[in-house]
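Number of protein chains: 2
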Amino acid sequence: MAVTQSDLANAIRALSMDAVEAANSGHPGMPMGMADVATVLWTQFLKYDAADPHWADRDRFVLSAGHGSMLIYSLLHLSGYARPTIDDIRNFRKLGSPCAGHPENFELPGVECTTGPLGQGLAMAVGMAMAERHLNAVFGDDLVDHKTWVIAGDGCLMEGINHEAIGLAGQLRLGRLNVLWDDNRITIDGSTELSTCEDIPARYAASGWHVTECDGHDFESIAKALENAAGDPRPSLVRCKTVIGKGAPNKQGTSATHGAALGAEEVAAAREALGWSHAAFEVPADIADAWREAGKRGGEAHTGWKNRVANHSKAEDFQSRMAGDFADDGLSAHIASLIASPQKIATRKASEIALGAINAALPETIGGSADLTGSNNTKTKDQSPFTRDDYAGRYVYYGIREFGMGAAMNGMALHGGVIPYGGTFLVFSDYCRPAIRLSALQQTRVIYVMTHDSIGLGEDGPTHQPIEHVMSLRLIPNLQVFRPADAVETAECWALALAKKDGPSVLALTRQNLPQVRLQASENLSAKGAYRLRAAQGDRRVILIATGSEVEVALGVADKLEAEGFGADVVSMPSWELFAAQDEDYRESVLPTVDPSQILRVSIEAGSMLGWERHTMVQGLRFGMDGYGASAPAPDLFKHFGLTAEAIAPKVLAEIRK
Amino acid sequence: MAVTQSDLANAIRALSMDAVEAANSGHPGMPMGMADVATVLWTQFLKYDAADPHWADRDRFVLSAGHGSMLIYSLLHLSGYARPTIDDIRNFRKLGSPCAGHPENFELPGVECTTGPLGQGLAMAVGMAMAERHLNAVFGDDLVDHKTWVIAGDGCLMEGINHEAIGLAGQLRLGRLNVLWDDNRITIDGSTELSTCEDIPARYAASGWHVTECDGHDFESIAKALENAAGDPRPSLVRCKTVIGKGAPNKQGTSATHGAALGAEEVAAAREALGWSHAAFEVPADIADAWREAGKRGGEAHTGWKNRVANHSKAEDFQSRMAGDFADDGLSAHIASLIASPQKIATRKASEIALGAINAALPETIGGSADLTGSNNTKTKDQSPFTRDDYAGRYVYYGIREFGMGAAMNGMALHGGVIPYGGTFLVFSDYCRPAIRLSALQQTRVIYVMTHDSIGLGEDGPTHQPIEHVMSLRLIPNLQVFRPADAVETAECWALALAKKDGPSVLALTRQNLPQVRLQASENLSAKGAYRLRAAQGDRRVILIATGSEVEVALGVADKLEAEGFGADVVSMPSWELFAAQDEDYRESVLPTVDPSQILRVSIEAGSMLGWERHTMVQGLRFGMDGYGASAPAPDLFKHFGLTAEAIAPKVLAEIRK
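Order-wise, the sequence lines are chains Y and W. Sequence positions in the first sequence follow our numbering and run 145 to 802. Sequence positions in the second sequence follow our numbering and run 145 to 802.
Everything labelled a hint here was simulated from the structure, so no lab data went into it. A portion of the hints provided could be inaccurate.
Identical chains blur together in the list; that is why a pair holds if it fits in one copy or across any two.
For lysine-lysine, the following DSSO-like pairs were computed, each having C-alpha atoms within a straight-line distance of at most 30 Å [claimed, not checked]:
1) 802 <-> 493
2) 493 <-> 645
3) 525 <-> 493
4) 525 <-> 644
5) 238 <-> 783
6) 488 <-> 191
7) 385 <-> 450
8) 525 <-> 238
9) 493 <-> 238
10) 191 <-> 458
11) 644 <-> 458
12) 783 <-> 493
13) 488 <-> 238
14) 458 <-> 645
15) 191 <-> 440
16) 238 <-> 795
17) 368 <-> 458
Using the sequences and the hints given, assemble the complete structure.
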């Protein structure tokens with residue numbers, strides 16, 4: 145008997161319910177509901193070669209509704225990827241299995257991005273589609289010509305980021321992006337009617353999308369809709385009308401299938417209803433073979449692509465870009481020129497000048513800002529806009545979409561071939577914090593240019609003044625947070641951010657001008673995380689540790705202490721993470737472990753003081769902000785909040801004279 | 145010559161450009177562009193009494209586009225509010241003036257909420273409109289019958305939160321909410337065409353809104369549109385077609401007017417163009433009088449309302465609710481019953497039980513969840529849903545809208561008369577972090593119920609496991625963060641959250657069961673922030689400090705240390721903020737300042753360790769998470785990451801035996 149599409153789909157259903165059952169935890173409803181749609185996509189439309197998950201010109205598949213992770217694990221396994229094996233699936237949600245509760249790009253090739261935090265998968269897919277069009281514009285159809293497919297649920301569509309993501313995709317007319325919406329009318333709390341009356345297709349149409357639909361359990365209807373989607377020059381939303389948990393006779397169509405194992409009885413009933421008589425985790429040979437054939441469908445296209453690459457003049461360049469490698473970031477000459485003629489400029493301006501050098505040297509950078517181009521100084525004059533009419537452009541006007549920007553940058557970085565950076569005010573890092581966390585978790589090279597990094601922004605007041613932000617970003621694992629003190633450190637930090645292939649960076653930059661404190665040619669001192677900027681002249685009684693704009697303040701404090709006969713080191717600490725990564729000898733050389741009564745440590749940073757005890761010890765002094773800022777010119781604020789050398793020096797003196 | 149509407153509007157324009165000019169910083173474009181619309185609203189539609197900004201039944205006016213703050217300062221001043229005075233306006237954006245860069249509710253009565261972070265003003269207005277309908281349902285038309293008006297710009301509409309906010313408003317059919325959209329086709333980066341092609345009216349219609357429009361510089365057209373909006377049973381979007389910076393002859397219609405002073409020359413040209421011959425900050429008497437008359441328009445309605453209140457059976461109840469006062473939170477008996485029969489339950493479950501008592505005692509609570517009702521345990525069985533058909537309901541199905549929920553809760557709390565609480569997973573506090581920050585800055589009593597507070601949630605894996613979240617929330621000024629250790633502490637923390645009228649609280653709660661560690665009747669010990677839960681039996685060599693689920697671990701470590709002859713205190717620390725607020729004697733009694741070689745301090749918390757140096761000192765030991773979690777059952781994870789008594793005790797022993 146010939147293997148039918150239903151058989152293929154039921155293999156997904158069976159693996160999904162069996163794995164969730166074995167884990168006694170997980171989400172069977174989505175994989176069972178979308179099994180038919182996914183089968184059509186993966187056997188007829190998606191361009192991939194299971195033998196080579198890293199083929200650069202593969203279609204990207206994003207399971208935005210990441211809780212339905214058994215769908216993608218089933219698809220990867222059945223279509224013949226090396227992993228997950230059936231044992232991996234048997235160990236779904238157990239320690240050591242790559243089949244985690246939610247799909248993780250760092251666990252399994254074929255998982256293009258880490259999903260689960262709702263809405264972000266689709267928003268990252270927008271970035272993937274942007275990267276594809278950009279590389280196509282640069283390298284041509286022979287090397288880059290693929291689509292991005294997304295499966296999303298109601299949660300992904302209800303999240304705010306969906307509005308930002310589809311607005312951006314519509315504006316950029318990303319026709320190769322196709323979103324399959326699992327329209328099952330169920331959320332965790334119950335019917336979607338509990339929380340929404342939205343006409344979703346109308347909203348997508350309002351954002352410049354093409355909308356089509358299908359019966360998600362009718363294979364012909366599905367195929368026709370996917371064909372429509374693939375052919376339309378606009379991004380497409382395919383409304384797939386489905387039944388959640390399809391196949392579980394007593395629970396399907398209800399939220400009971402969403403996030404819990406079906407239970408042995410219902411699993412047995414589902415096997416009966418589906419006519420699936422095989423044991424748990426067993427896929428009969430004919431169905432397994434048919435799936436593996438589907439996984440080889442792309443082989444011919446892959447071979448054709450390899451042949452084109454072999455003879456292509458741009459092949460080498462393309463491949464090194466996809467590998468994320470580059471020879472020279474272009475910054476050395478710039479730093480040399482700063483040493484030759486020091487600049488008193490804001491670090492946001494210093495960043496712009498550094499970017500001038502970087503963007504000239506590295507064609508892979510794609511910049512942008514969430515509608516603060518002139519404030520973030522993210523656009524260099526040679527950058528033309530990335531638009532629906534010119535995908536070769538290297539500057540994205542993201543609009544007032546901080547979170548959408550962060551997610552799009554993640555998608556671009558995951559796609560490969562480009563290095564995205566984007567700007568907003570540091571206080572609005574909160575708006576894109578979930579994307580920053582996913583950059584860090586996913587190990588993507590994304591560079592966040594966050595300007596206006598303290599009360600130093602002045603008059604805009606407390607709503608715009610970061611207080612807790614620098615420290616709270618330092619808390620995110622695998623995120624490099626830089627707060628450079630001058631134009632030289634800014635360039636150094638840019639070099640470090642670009643060099644980190646496996647993680648994101650945040651550059652916290654000032655609005656206000658800062659004197660250049662680095663005046664001698666040297667190695668990249670910021671790479672140490674912290675270093676002695678100025679050594680004590682007198683007997684060392686104090687070590688002043690500061691970041692960013694407060695390094696200038698620390699130098700002023702040191703002057704006053706030295707004038708009173710107390711030696712004071714000034715340590716600039718642009719990156720806590722990099723300092724922590726140094727060996728103990730180096731760390732001791734900068735911050736020696738000495739009784740505080742002999743050498744007092746003092747921190748100065750115009751932000752939260754909680755956390756600074758790590759470097760000052762509890763017995764040291766910390767100067768910073770213990771509440772919100774205020775609206776006034778910056779110099780007035782620094783004075784008001786006691787963050788000047790005049791205010792700090794007497795307090796340090798009082799302490800050491802105790 | 146009679147004062148015209150143009151004269152009234154030009155007074156706003158003049159004050160706005162003069163104030164920005166004097167500050168040499170600010171945003172003249174929006175106030176000048178929306179001056180005509182605002183004039184019609186404030187002289188013909190808005191129900192208010194400038195003599196009493198706190199009148200409970202006033203219409204709420206929200207300037208969501210907060211950067212255009214001079215618009216509301218002008219309106220308040222001109223219509224006769226006591227503040228801002230003309231001197232306040234002269235000192236716009238200077239230290240000490242209540243006229244901050246962005247409008248702040250804690251600076252000026254009449255500023256209903258703090259705006260500037262885009263999108264949140266409109267989203268808070270949704271919450272205000274919800275509170276109004278709820279109180280109307282409870283207290284009737286005689287006491288509560290008002291509207292909420294919003295002025296929003298393109299930025300507010302492009303932010304993701306806008307999608308969440310209008311989806312919620314449409315679902316709840318908040319017909320008394322009217323949004324005036326300043327459709328000036330300009331953002332900071334330039335034309336809106338740079339970043340969006342959206343059909344905004346179509347999107348609003350798709351979310352169940354009524355949409356109308358006007359020429360924003362034609363007074364009749366404006367009045368007609370506002371009348372349409374006021375009369376429609378759906379929430380209304382009024383598209384006001386305006387020219388940004390209207391009146392500045394050379395700069396109007398361009399982004400040059402958005403965020404910078406016009407310059408002396410252009411201000412002079414604008415005076416000429418507007419026919420405004422008066423000196424800076426000078427409003428001629430006839431225009432000033434006409435404005436003040438408008439500010440008294442609501443006086444009669446106010447008197448009528450006072451008369452109704454005077455004779456109303458529910459007046460006392462209504463007024464104490466609006467004052468935010470209550471007599472008894474209902475928790476004492478619940479805590480007594482826990483002491484009588486201890487419970488081993490998850491703190492999320494403990495929270496549900498506490499809420500049972502609270503919701504019965506306090507009719508002002510309105511609960512909800514962002515589609516995680518059954519997981520957050522936020523709904524008590526007596527709560528019926530708050531729906532378009534039943535505004536008396538006290539449970540909101542917010543949908544998958546964490547940020548929208550946070551903002552709506554802020555709006556409800558600002559409106560007064562209700563105490564909102566709402567749930568999501570702690571990891572998704574990132575999604576609503578900008579709203580949490582605004583709760584703290586605005587001093588609103590909003591209670592965030594954040595469950596699944598560590599790797600203890602188990603199989604959902606790293607995307608769902610908070611690591612940095614508890615610590616990063618502790619960094620936000622004026623936010624109370626609670627991580628209770630058992631059912632008793634959970635109830636205590638609820639009592640403290642409810643009692644704090646001037647700020648928000650976060651409750652970080654477990655998914656997994658915890659033994660009850662508090663077995664004796666006592667005062668509210670959580671109110672101290674930290675307290676000695678168990679005193680050392682042997683000579684005290686160690687103080688173990690833990691929070692939440694790790695208090696159980698700390699007790700296990702203490703057992704092992706005592707068994708080896710080393711005395712160990714166990715300190716439970718549910719709230720860092722409250723501990724910091726205790727006097728030094730108390731803090732010393734819990735954590736005495738003693739050389740670490742005599743008493744070692746050890747922290748145990750399944751989250752970031754950065755920050756814990758404050759309590760352990762650098763010389764102490766810290767146990768926590770230094771990277772992301774993993775997907776597996778919770779007990780496996782605690783073991784894997786070394787957060788068990790078995791793993792920790794030997795390390796502590798090794799340290800004290802050094």
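Each hint, compared with the structure:
In this assembly of identical chains, residue 802 and residue 493 lie within 30 Å of each other by CA distance neither inside one copy nor across copies; the values are 43 Å within and 52 Å between. Proximity of residue 493 to residue 645 under the C-alpha cut-off of 30 Å is restricted to the intra-copy arrangement: shortest distance 25 Å within a copy versus 43 Å between copies. Proximity of residue 525 and residue 493 under a CA criterion of 30 Å is satisfied intra-copy only: 13 Å inside one chain copy versus 58 Å between copies. Taking the shortest alpha-carbon separations for residue 525 and residue 644, only the intra-copy value of 26 Å comes in at or below 30 Å, while the best inter-copy value is 52 Å.
For a Cα distance limit of 30 Å, the shortest separation of residue 238 from residue 783 across copies, 13 Å, qualifies, whereas the shortest one inside one copy, 55 Å, does not. Taking the shortest Cα distances, residue 488 and residue 191 never come within 30 Å of each other, neither inside one copy (53 Å) nor across copies (52 Å). Neither within a single protomer nor between protomers do residue 385 and residue 450 lie at most 30 Å apart by alpha-carbon distance, with minima of 38 Å and 55 Å respectively. Proximity of residue 525 and residue 238 under a CA criterion of 30 Å is satisfied in neither setting, with 51 Å inside one chain copy and 35 Å between copies.
In the homo-oligomer, the alpha carbons of residue 493 and residue 238 lie at most 30 Å apart only across protomers (25 Å), although the nearest pairing inside one protomer, at 49 Å, exceeds that limit. Proximity of residue 191 and residue 458 under a CA criterion of 30 Å is satisfied intra-copy only: 23 Å inside one chain copy versus 68 Å between copies. Proximity of residue 644 to residue 458 under the C-alpha cut-off of 30 Å is restricted to the intra-copy arrangement: shortest distance 25 Å within a copy versus 64 Å between copies. Only within a single protomer do residue 783 and residue 493 lie at most 30 Å apart by alpha-carbon distance; the minimum there is 24 Å, versus 49 Å between protomers.
Within a single copy, residue 488 and residue 238 get their C-alpha atoms only as close as 55 Å, which misses the 30 Å cut-off; across copies the closest is 26 Å, which meets it. In this assembly of identical chains, the alpha carbons of residue 458 and residue 645 lie at most 30 Å apart only when taken from the same copy (23 Å versus 65 Å across copies). In this assembly of identical chains, the alpha carbons of residue 191 and residue 440 lie at most 30 Å apart only when taken from the same copy (10 Å versus 69 Å across copies). Taking the shortest alpha-carbon separations for residue 238 and residue 795, only the inter-copy value of 27 Å comes in at or below 30 Å, while the best intra-copy value is 54 Å.
In this homomeric assembly, residue 368 and residue 458 never come within 30 Å of each other (Cα to Cα): the closest approach is 37 Å inside a single copy and 62 Å across copies.
Of the numbered hints listed earlier, those contradicted by the structure are 1, 6, 7, 8, 17.
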